[in-house]
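Undergrad: The sequence shown begins at 7 in my numbering and counts up by one.
Any given hint could be a false lead.
With a cut-off of at most 20 Å between alpha-carbon atoms, the simulated DMTMM-like pairs for lysine to aspartate or glutamate come out as follows [what the hints assert, rightly or not]:
(1) K10 with E80
(2) K85 with D140
(3) K123 with E45
(4) K111 with E153
(5) K255 with E245
(6) K123 with D66
(7) K227 with E204
(8) K134 with E169
(9) K173 with D140
(10) K190 with E204
(11) K85 with E110
(12) K14 with E45
(13) K85 with E245
Please keep in mind that the hints were generated in silico from the structure rather than gathered at the bench.
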Amino acid sequence: MSVKLNHKITGEGFPLILLHGVFGSLENLGGIARKLQGEWQIHALDQRNHGSSPHTDTMDYPSMAADVVAYMDEQGIDKACLLGHSMGGKVAMQVALQAPERVEKLIVADISPVAYKSGHDAILEGLKQMDLTDVRSRGDADKLMAEFVEMAATRQFLLMNLERIPKQEQVEGGPVYRWRLNLKAIEACYANLASAPEAGAPYTGPVLFLKGADSAYIQEKHRDEIRRLFPHAQLSIIEGTGHWLHAEKTDTFVALCRRFLEGRDTD
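Work the whole structure out from these sequences, hints included.
TA: Structure, rendered in structure tokens:
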């Protein structure tokens, strides 16, 4: 059963749907949205169990793809371009494989259509174990998180999921902050998120894979599977970037997306 997704619509033109990664929200691709909204109508979505979208126990790529298609139906969108990063890239691929007639073009940022080993166990366990009772500021939360997340940039990304509990919902002596994420469901379903998209027939439309040069998420050994599922796929590598390529070199990322969406060469 599909979930009604929280969303933000900006700009005018052909619809471009943005899909964030795990632990993210629609704000994560906000820089991309702002740079492209002059030419496309941007639909930034919070995926299930993330941001302000509903929590649900089920979390797998067919279900998450169904959420996107249901959103398109709700908005009266017959066909859209999709751009997804990491987990969002897998959701975007699943939409293209599941409902190819709804996808005009596909951009996949730093992820392959393959299964991965879990890389977020420490973060999931740390977030679960964080006691928010005495947290009275984001600074307090950052200090607690520093015990299991070394990089400040990663902590700032994760702390975007911390929200202040409305005063009328607060309990005396209880926490004033809570997680927007459904940590329980993400942990329970993490094997699904690490898995490959489910494929039947290949998607034969135009596809651009964007790889961070210093990231290991797209590897040479994935090439055959990419070609099998997406026979018209192109690959562009952004030098000097890792998995967060869209944040590290936003202008280069946007320029490649723009050229691809406009039908120009991305080499």
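Undergrad: Next step is simple, just say for each hint if it's right about the structure.
TA: Here's how the hints hold up against the structure:
1. K10 with E80: holds, 9 Å
2. K85 with D140: Between K85 and D140 the Cα gap is close to 48 Å, so the pair fails against 20 Å, i.e. violated.
3. K123 with E45: violated, 38 Å
4. K111 with E153: The given pair, whose Cα atoms are some 42 Å apart, is violated under the 20 Å limit.
5. K255 with E245: holds, 9 Å
6. K123 with D66: The hint holds at about 16 Å.
7. K227 with E204: holds, 19 Å
8. K134 with E169: Distance of about 15 Å is within 20 Å: holds.
9. K173 with D140: holds, 16 Å
10. K190 with E204: Status violated; Cα separation ~24 Å.
11. K85 with E110: holds, 6 Å
12. K14 with E45: holds, 16 Å
13. K85 with E245: violated, 32 Å
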